[in-house]
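Chemist: Just so you know, the first sequence maps onto residues 1 to 270 in the working numbering.
Hints may be right or wrong, so weigh each one.
What the hints assert, rightly or not - In silico lysine-lysine, BS3-like type, Cα no more than 25 Å apart, as pairs:
id, residue 1, residue 2
1, Lys13, Lys51
2, Lys115, Lys91
3, Lys105, Lys115
4, Lys24, Lys51
5, Lys105, Lys91
6, Lys42, Lys23
7, Lys91, Lys113
8, Lys23, Lys13
9, Lys14, Lys42
Just so you know, these hints were derived from the structure itself, not from any lab.
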Amino acid sequence: MGRQPCCDKLGVKKGPWTAEEDKKLINFILTNGQCCWRAVPKLAGLRRCGKSCRLRWTNYLRPDLKRGLLSEAEEQLVIDLHARLGNRWSKIAARLPGRTDNEIKNHWNTHIKKKLLKMGIDPVTHEPLHEKQPFSEETPSNAIHLQESSGNQSVQENDSIINSDDNSSSSPTENCSSDESLLLDNICNNESLVNSLWLDEAPLVDAATWENHPIGENMICNMGLPSLEENCAWLLDCQDFGIHDFGFDCFNDIDQLNVLNTLDVGEKQY
DNA sequence: AAGTTGTGCAACCGCCGTAAA
DNA sequence: TTTTACGGCGGTTGCACAACT
């Protein structure tokens, strides 16, 4: 009864992935697309758990991933979304093209959390920690924004009613560069996007499209990238890995279209 | 230069809902 | 209907490197 085990627990390798393993996984996914992860290790010749393969792919090898620090605009968006959604990193990540839940979670825990605490803002509730606690030297204009966006709305994911003020008064653009402002305006003023935040509807990044189709035929081609064969060869040429050094620079064009590409981050606004 | 502490991040762990047998 | 694996998620850990003493 039941299903077959996902993998032979014995002999399954753990720990950091080697370039060789990465190469095998990339090669397999590019050739076969994402089918059932259970079968991937065996078919790809990897001594890894299918789960591990999936994580490695989604968090590190996926060609549509951005690398590097979150831009200020992205960070602000994360804060805003966290105020609404809480620690639902996958939902938050779905609104940031090229970012993974793991990456956002890490960034939250290592950067944003501290930043908010320094400002005297509870990173969990997004409320001031203490009424009389002096805030840090920097003016927390965003704290006000955060309170507006989170304080008057409890996180009720099925509540599809969007506060009419939300799109305007909580626009987190005040301290952003013009490009970042544009990005955030686009996001904050995008009614369907905002609505989908509450309705858990289709993500900004069409993960379904990505997941359901082989890369060569859909995702990459749809993005105007090289053919599968070209892409395969190209990817494997880069196996000296840093795969992050792939940079997957060709995707930057797409990013730029979305105005989401990393902008020069000067001093953080917190 | 050596030792200690802090930081960032990749990867693992364990839980949950769903689906297959 | 029951059992059990899959896929996904959030929390946590451990390692590598940087910064500091």
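Chemist: For every hint, state whether the structure bears it out.
Modeler: Results for each hint:
| no. | hint | in the structure |
| --- | --- | --- |
| 1 | Lys13 - Lys51 | 12 Å, holds |
| 2 | Lys115 - Lys91 | 22 Å, holds |
| 3 | Lys105 - Lys115 | 14 Å, holds |
| 4 | Lys24 - Lys51 | 16 Å, holds |
| 5 | Lys105 - Lys91 | 11 Å, holds |
| 6 | Lys42 - Lys23 | 15 Å, holds |
| 7 | Lys91 - Lys113 | 18 Å, holds |
| 8 | Lys23 - Lys13 | 16 Å, holds |
| 9 | Lys14 - Lys42 | 15 Å, holds |
In terms of the numbered hints stated before, the structure departs from none.
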